[in-house]
Structures are given as structure tokens and as C-alpha cells.
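Line order of the protein sequences matches chains G and F. Residue 190 in numbering that gives the first Met the number 0 sits at position 191 of the first sequence; the count goes up by one each step and never skips. Residue 447 in numbering that gives the first Met the number 0 sits at position 448 of the second sequence; the count goes up by one each step and never skips.
No lab work stands behind these hints: they were computed from the structure. A couple of the hints might just be wrong.
[What the hints assert, rightly or not] Derived pair list, reagent style DMTMM-like, types lysine to aspartate or glutamate, alpha-carbon separation capped at 25 Å:
| # | chain 1 | residue 1 | chain 2 | residue 2 |
| --- | --- | --- | --- | --- |
| 1 | F | K271 | G | E181 |
| 2 | F | K169 | G | D174 |
| 3 | G | K193 | F | E95 |
| 4 | G | K157 | F | E18 |
| 5 | F | K172 | G | D153 |
| 6 | F | K10 | G | E175 |
| 7 | F | K323 | G | D120 |
| 8 | F | K323 | G | E117 |
| 9 | G | K193 | F | E361 |
| 10 | G | K193 | F | D262 |
| 11 | F | K374 | F | E361 |
| 12 | F | K169 | G | E1 |
| 13 | F | K52 | G | E35 |
| 14 | F | K52 | G | D174 |
[Stated by the list, open to error] Coverage of chain G stretches by chain F, computed from C-beta distances (three or more under 8 Å per stretch; other residues unrestricted):
| # | segment |
| --- | --- |
| 15 | 59-69 |
| 16 | 152-166 |
| 17 | 182-193 |
Where a beta carbon is used, it is the ideal one built from N, C-alpha and C, also for glycine.
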Amino acid sequence: MEPVSEVSGRAIPFGRKNIDTDIIIPAHWLKTISREGLGRGAFQALREDPANIFDQEEFKGAPILIAGDNFGCGSSREHAAWALLDMGIKAVIAPSFSDIFSGNAFKNGILTVVLPQEQVDRLLEVARTDPINIDLTTQTVTTPFQDRFAFEIDPFRKHCLLNGLDEVGLTLSRDEAIAGYETMQAAQMPWFAKGTGLAA
Amino acid sequence: MASRPRTLYEKIWDAHVVEDRDDGTSILYIDRHLVHEVTSPQAFEALRLSGRKVRRPELTLAVPDHNLPTTPRLDSAGHRLPIADPESAQQLAALERNAPEFGIRYISATDAQQGIVHVVGPEQAFSLPGATIVCGDSHTACHGGIGALAFGIGTSEVEHVLATQTLLLKQSKTMEIVVDGDLTPGVTPKDLILHIIGVIGTAGGTGHVIEYRGKVFEEMSIEGRLTVCNMSIEGGARAGLIAPDEKTFAYLKGRPYAPKGSDWDEALAWWKTLHSDKGATFDKSVRINAADIQPTVTWGTSPEDVVPIGGVVPAPESFSDPSKQDAARASLDYMGLEPGQKLAEVEVQNIFIGSCTNSRIEDLRAAAAVLKGRKKANNVKWAIVVPGSGLVKRQAEEEGLDKIFIEAGLEWREPGCSACLGMNPDKVPAGERCVSTSNRNFVGRQGPGSRTHLVSPAMAAAAAVTGHLTDVRELME
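So that you can see chain G by itself, here it is in the shape it has in the complex (with noise of 0.2 Å):
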């Protein structure tokens, strides 16, 4: 995973409420076996539409979505977030997210941002016309009008982002104390250790 610290540029003025992953992305673009190249199924039933925002000229390439409350609700697929990326998107401004979503964006290196809702739409306001700052080091998302928004975010996916480290090697390096409740496990409850043997 590569760091992330700032995400700057232009937003997309999306802001819908409740937008589910078979939104974005529907389940025909899940036959990949590939994270690459899901940008053209995004938003793809919106962007029938020819005045649909994604694909007007000033928001092609734009690095943040803002959407409204709930996003990325419904299924678990991670391809959600990877169109995301495919299409340029490398910050997400809502009010609330679904949690499955949030920890897949995550996971791939897009910063999630929950405000308040006057604030968000204080800044669908802006991006129509103007670009958008997010520091990730101070929490704050910030406009050329002097508006500046304080984020929380988790300690612990600011300290992975910030330094794009690798979960799973993460999580790997505490091999003791995985081993040592493996061990713990199987004296106590040893029909869970057994998984697919106690078939056998």
C-alpha cells in the first residue's frame, strides 16, 4: 500500500444517501479475478445518464467523492473499493459509512472522512466550482475559503496510512501470540481446531 498523508483536487458533488455497493459497482463486474480496471463499471446504472456528474469534463480524474450518509452499504465486495480507485478516487468525504465498506477502503488506501452533515454540505457547495485539501497528519479538511473541518480517525489506520504498511505482515510479526493461543485452543476446545479433519 502505497502512504497517503494529503489527498488534494477537485471533489465530485455526488452526495446521494444510502449508496450500496451493487450501485457501485454491479454484480457482473464481480467475474474478475483481477483488481484492476473496475473504474468502467463504476456508477455504471448513474452514468447512463449523459449528464450523469461523474462524467462531467471538470470532475474526470477528481481524487474525492462526497456522498451523503450510509455509503457503500450492502454486499462486502472489496471491488466497490477497488472501482473507486480504478476511477482516481483516493478519498471519500460522508457523513457515515457502512462499516464493511469503510475497512475496505482502508485496506486499499482510501481515506474515509466522516463530518457532519452542514459541513459536508458546506463542501458539496464548494466542490462545485472549487478544489478541496485533506490533511490526513492534522485531521482536517480545509477550502480556499478558509473553511477548515477537524476529522477523527482511527490511531491505528492513521499510523498505516500515513506509512502504507502491510497488514497482514503486520499481524504476521505477532506469530507468538497467534501460536501460543493455537495451543491454548487445542487443549480446551479442540473441536474447533479440528475444522475440516473431524470429518476426516
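Chain G is already provided as a structure; the job is to place chain F on it using the hints.
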């Protein structure tokens, strides 16, 4: 020393913590991992690229379900038929290659045990009470019906579990949904969970694990509990739980991966402690009276858009939240419905009985009970019944349910996810309605332009008979 009263969720969580970290996250051990063909190829590829192995292959079970056509899989000579769609075939081939390469037990597309992962897990007793269970699929919440802490994960987490058998997680908040009283005749676990989602909304459970409590769940069958927990994610909760009890133990005993001998006795002793303690507190609490619930149907494009079958399509202005008003207008436009229209007068062209929510034997029995001796209406062009697994299919055929469906004019198919999400050829044509026992009525979910009404299996059967959304109680004796 008396310990603090704990919820069921907290007990399972505590039993699986490998290590609490300073940043507020924990390394949680994962007991069971289900893998299917759609969300795993990139995870296996990442393992290969980094030279990593699967840490505990015996704790993972792989089975294809999403892409498989539900038409016959073997020709008359018993040879396997190829999958026509090259991308689906490629995804299936990847799983068939990855499972043996990494030493994982694999149930193939033509095995009798093949089925939807969330049907197969409990059916094989691979899923057990008190276990932590994950799968790259949001309906993993389903396995909470047997008292497991089960939740959906993304592909990066699939890779993490394969490599480490753990996940890095922050403990969730807890939410209890207490349903007292009795469900009335014709009202099923599906109607109950649709009603619950209508009450809490699709984000109502975000950040929480739901525990379903109260008399209704105690009296509910295991299959009903699986249906309820399955749709927890539609209420925003990553997991839903029901405390295991004698019914759970009787359901699991003797199944292929269930503990045997002294293992069973030890497991049982622990499982019996898995309930929320008296005095345990929840962060959120919702109470619902079972008697208030009617057979329920969705009218819009979000699972929270529910009304009793006797109701009408709501007017967008009836919602207080302006953004919900806009969403309702867009939904009605997409669904081709008018405010004030009676749901029971809405004509339908397609019927889908299946999915991880409602494809178990009790679901098929409920649908067959309505269809017995009846025929589907002429305006219903396409009606399919897709059993949740090969074993469900076999059981249904032993009971003669397949004949009832076929005589009523419905198609009897091979197991898989099918028209729930239309990754295989089972899709609903644009602009047409489908009365579906699945879990999501999102825009385009069952095919581009498809219009979905979510219902129980009995209600889907009733709609097949009349050709319009119907209160199943009118067809019951």
C-alpha cells in the same frame, strides 16, 4: 470472584482475543472461514505473490455458489457440462485450482453437498455455536442463527485470515432487538426481519452487533433463526446473533463436521454458557411486539422500504426527512409505482424462490404448501425454485416438493445464489417485477432495470398463483 455480566457477543469475543493492542484494536482468532469463487481469487493471488501460505487450511472450507448456472450440471452420460459464460468459468476454475494448491477442502460444483456457503456451513456443522466465522460475503451474518459470531469481510481480509487465521478488529457496540408475543398465522421469520429493518432502518445497526432476544426467537426453528440473522446486514449490523439452545444442539448433532464423542460433550458444556448474562447491558435496545407484524413486502429500492401486504405505496411527502423524500421519489420512479397504489394490486411477471435467506427445506415446504394443487398465473412468465444446497434439493425431492413446484408451473433448479444477484444467467428483465425471497431490492440487483419485491417463501408462492402481490393468508386453509 463474580465477573461483570456480559452479553453473548462479549463472551464470544473474549474467548477469541489473541491480543489486545494499545491502539484499541484486538487480534481476534477466526475459527471458521468459508470461501467462494467471487471474493477469493485476488486473495489467493496476493498470497502467491508474497510467498505466503494458508496458516490453518483445515479451518477453511471452499464451495462455489455465485456464478454457477442452476441448469443441469451433468449430461446424460454423467459428464460435467461446461459453463457458457467465459468469465464465470474462469472464476470457478480459479477456485478449483486455488483450493488444492493451498490445501483447503473443496466441495465441487457437482457434489451433493454443494450449495450456497451460508446454507452449507450450518448444514455440514462446519459452522458451530460460539465460533468466529467469516466469509467474503456480507450475508455471513446468517450463521449467527446457530449462535456463532459471523460476519462478512472484504477480499483483503480474506487474505489476512488465510495468512494469519486472525483479523484486526475493534470491538463493536451491542444492540438487542427483543420481540415478545407470538407471530400470527401466515407471518414468518422473513416478515419479521423485514419489519425489523423497516423499524431500525438500513443504517440502524451500523457499528453494532445485534442480538435477537425474546420469546419469538426462542420458539423459532433454527432455519427461521438463520433467515433472521442473515438480513442483519440489511439493518447495517455486520453480525446478528441468537443464543444457542437445545434446538441448536439437536440441529447440529451428528452432522459431518460436528464434534464427536467427548469433544461433543465438552463443546456442549461450553455452548450452554453462551447466552447474555442477567444484568448484561446493551448499547441500544429495540422492543417489538410480534402481534403487530403482518406479511410484509418491500415497495422501494432499499430493504427498509417495507409495508404490510394490506397497505399502500407511501407518498414521498409522508417521510419527514427531505433526503428520504427524494430517495422515495427516485425509488417509485424506478419501481414504476404510484403513491396510494394498493400493494396487493401490483402485477408481477417473475418469481424467485431461493437465496441464502430463504432456500432451506422449511422455506421450500412453506412455498409448496401454498402451491399444492394450484397453478401459476398466466402473466407470471418466469418462476424458479432454487434450493440452497444439493442436500436440500435431495430432501425436497424425497418429500415430493419438486413435483408440486413443477405441476404448478415453476422450474426446479440446481443449487446456487442464482437470481438473488444475477451473476449467473438467472436474471430479471429490465422493467419487469420479481417477487423474490432474497435479501436485497437494490437498483439493478436482479439484473439491470429489474424491479424487486422482497417477501417470504409463502408470499412468493401466493404471488405465483394469483399473478400479483397477494396476502398469503387469503390462500391458506
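Query raised in the report: Holds or violated: are the alpha carbons of K193/G and E361/F at most 25 Å from each other?
Result: Roughly 30 Å between the alpha carbons, so the hint for K193/G and E361/F is violated.
Query raised in the report: Within 25 Å, alpha carbon to alpha carbon, are K193/G and E95/F?
Result: holds, 23 Å
Query - Straight-line alpha-carbon gap K323/F to E117/G, limit 25 Å - result: holds, 17 Å
Query raised in the report: Between K172/F and D153/G, is the straight-line Cα distance small enough, at 25 Å or below?
Result: With a Cα-Cα distance of about 16 Å, the restraint between K172/F and D153/G holds, given a limit of 25 Å.
**Report entry** Straight-line alpha-carbon gap K271/F to E181/G, limit 25 Å
**Finding:** holds, 23 Å
Query raised in the report: Has the given pair, K374/F with E361/F, been kept, meaning a C-alpha gap of at most 25 Å?
Result: Cα-Cα ~21 Å, so holds.
Query raised in the report: Are K52/F and D174/G close enough, with their CA atoms no more than 25 Å apart?
Result: The hint holds at about 13 Å.
Query raised in the report: Does the structure keep K169/F and E1/G at a Cα separation of 25 Å or less?
Result: With a Cα-Cα distance of about 23 Å, the restraint between K169/F and E1/G holds, given a limit of 25 Å.
Query - Coverage of the segment 182-193 of chain G by chain F (three or more Cβ within 8 Å) - result: holds (count 6)
Query - Agreement of K169/F and D174/G with the hint, judged by alpha carbon distance not exceeding 25 Å - result: holds, 20 Å
Requested in this report: Please work out if K52/F and E35/G have their alpha carbons no farther apart than 25 Å.
Outcome: With a Cα-Cα distance of about 24 Å, the restraint between K52/F and E35/G holds, given a limit of 25 Å.
Query raised in the report: Given the hint that K10/F pairs with E175/G, does the C-alpha gap stay at or below 25 Å?
Result: This hinted pair holds, its Cα atoms lying about 24 Å apart.
Hint compliance for this structure: hint 9 alone is broken.
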